[in-house]
Amino acid sequence: MLLDYDRLGWLRVALVGFTAAVAAFLLLPVVFIVLLSFGSSRWLAFPPPGWTLKWYQQLLDDPTWIDAALTSARIAAMAAILAVVIGLFASFSLVRGEFRGRQVLRGLLLTPMVLPVVVFAIAIYAFFLRIGLAGTTVGFVIAHTILALPFAIIPITAALEGFDKSIEDAAIVCGASPLQARLRITLPSIRIGIFSAAIFSFLASWDEVVVAIFMASPTLQTLPVKIWGSLRADLSPVVAAASSLLVGLTLCLMIVTALLRRKLSR
Amino acid sequence: MTRSFLSIRAVRKTFGAFVAVHDVTIDVPKGEFLTFLGPSGSGKSTTLYAIAGFQDPSSGDVLLEDRSLLSVPSHKRNIGMVFQRYTLFPHLSVAENVAFPLRVRRRPDAEVKRKVADMLALVRLENFADRHPGALSGGQQQRVALARALAYDPPILLMDEPLSALDKKLRQEIQAEIRRIHRETGVTILYVTHDQEEALHLSDRIALFREGRIEQIGTGEDLYLRPASEFVAGFIGNSNFLAAEHLETAGGAATIRLADGSIVKGVKTTQAFDRGQKARLMVRPEAFRLTPGPASAELAVEFIDAAFFGDRRRVVMRTAGGEELDVRPTSDAAEPHGPDSGRRIFFDPAVAFLFPA
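These protein sequences, in sequence, are chains A and B.
Letter 193 of the first sequence, counting from 1, is numbered 173 in this note's numbering, and no numbers are missing.
Remember, this note's numbering sits 21 above the position in the second sequence when you count from 1.
Hints are computed from structural coordinates only; laboratory data are not their basis.
Check the hints yourself; a few may be wrong.
[Stated by the list, open to error] Below are the SDA-like pairs computed for lysine to any residue, each with C-alpha atoms no more than 25 Å apart in a straight line:
(1) B:Lys51 with B:Thr206
(2) A:Lys34 with A:Thr230
(3) A:Lys145 with B:Gly62
(4) A:Lys145 with B:Arg124
(5) A:Lys145 with B:Lys134
(6) A:Lys243 with B:Gly159
(7) A:Lys243 with B:His153
(8) B:Lys97 with A:Ile147
(9) A:Lys145 with B:Gln105
(10) A:Lys145 with B:Pro154
(11) A:Lys145 with B:Asp77
(12) A:Lys145 with B:Gly159
(13) A:Lys145 with B:His153
(14) A:Lys243 with B:Ala156
(15) A:Lys145 with B:Thr206
(16) A:Lys145 with B:Leu91
(17) B:Lys97 with A:Phe72
(18) B:Lys134 with A:Glu148
(19) A:Lys243 with B:Pro154
(20) B:Lys97 with A:Leu167
(21) A:Lys145 with B:Phe75
(22) A:Lys145 with B:Asn99
(23) B:Lys97 with A:Arg164
(24) A:Lys243 with B:Asp151
(25) B:Lys97 with A:Lys243
(26) B:Lys134 with A:Gln160
(27) B:Lys97 with A:Asp144
(28) A:Lys145 with B:His96
(29) B:Lys136 with A:Phe72
(30) B:Lys136 with A:Lys243
(31) A:Lys243 with B:Glu117
(32) B:Lys134 with A:Ser157
(33) A:Lys145 with B:Tyr173
From a predicted model like this one, the values you see are computed outputs, not experimental measurements.
Turn these sequences into a full structure, and let the hints guide you.
In structure tokens:
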């Protein structure tokens, strides 16, 4: 191959340098946030004059932060479950179905991913205001489910496309009804895809801020909304601590995902 | 009405304007090993799928012990099937795979356990019970699939080119296994393949498919020694075809003129020919002799090439008319076989066949 890594010669050094620069550009702000959350300066000065855990102390002592985190987790979990269930049905019809407009339907289901989030947010906010769902948990979950749906559909359709339908046919010849065959054979066989779908959908909701700002009410705030609000009200290192926890939890989920995928696909 | 075990009655399958299977009728006695042989697209798999219930025939019927199967959904037909592709359940162990059909039938645990052990012993994979399919070779996977398909004692076992993904040596090994399992279980097997050697090796009878119809059905010997058409003769075994002109037929023996003008008498034929009708003479490669014998017809030939295959030699000759001949005398025959082996070869007209051109 023309661009074989082993044959790049001195260009390899340039390539490594460039990649490192991009990675640093993307990751350093996150690293700084984490460092600042342990800094003793009230004004987020860097380098910090000393190290402290007091911002975390304040964070955990403040019930509004805990509330926001629990709300986030609750909404993300519900959105993830709904997105996976709907995603499963959608994927079966997209992969197995033979009907006109299948590709159109696929495109439609994936639009939340390409549509500017703020446009979607305004549209659904206006709609929910009219039907009385604005500021409710139900409305919040519906909005996030729609946003999470592409993240569920993509891994599930990929897994289903990689699954040989003959295996399901074999289960049916063995005496399983078509429903039994799907529940006992097909679903377990594509569990990696389903699992990825669940994690990605959860994360899609967990760190979503734009739609969340529109859906939120004074009594219903997710963690990203609370962070956003605090940033505007008073720039306290508590925000850095909250952000660090958010990053940490996301990182944990990604690591768990990677480990489980490796274990499942052994 | 004869009470045959499995009866395929005028099964027809169309896809739009395309007719995949034309009114195929076969009666299968209990315990028979019947092979559907034919080139791809000849309708053999479609017929098998109609029996399995994956494709509903457009017309016709499939009867098992005089009861129609067509209104029974696939999962209630109680038929065993081994597929072309590997279809073991990837998340279950070998033992759980074999147990699956028994579990969906809610058989008691003790019975499931005993049956799984029996089946794994039958396919000689007792030591692989706890493995997952991913850790098995292709041949082992198909043997597990066989064990799974037989675990619930189905009256019929369908096999859809189960060995086509395996290499040649392994194929022969598993063919021997399948023969043994057929012998030991007595199950009725319908087997689909495009490999004529496999069909000859395994089957009691072979149904040769061509373009959605059965060209001929019979034992391997029937098809090889008494082919009903040029297609059968060409598909089963190796054949040489020589252009000929029919002169006359008396008592099933035809007299013909070959392209080089020589007259051959006493050629076997089952079909009626007109005087002067163009025809094709089929001679098996092993029917040729390099030395004259009793009742020999002869051909003027030119030596092209020779190769040694252990049990046989293979000699390529060319007739005066430019037709290449595949000639396979046995290698221990004290017959000359080199370029100096003369200019003539011989065959017995009684083992040659005449077909319409």
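- Query: What are the numbers of the hints the structure violates, in ascending order?
  - Reply: 5, 15, 25, 29, 30
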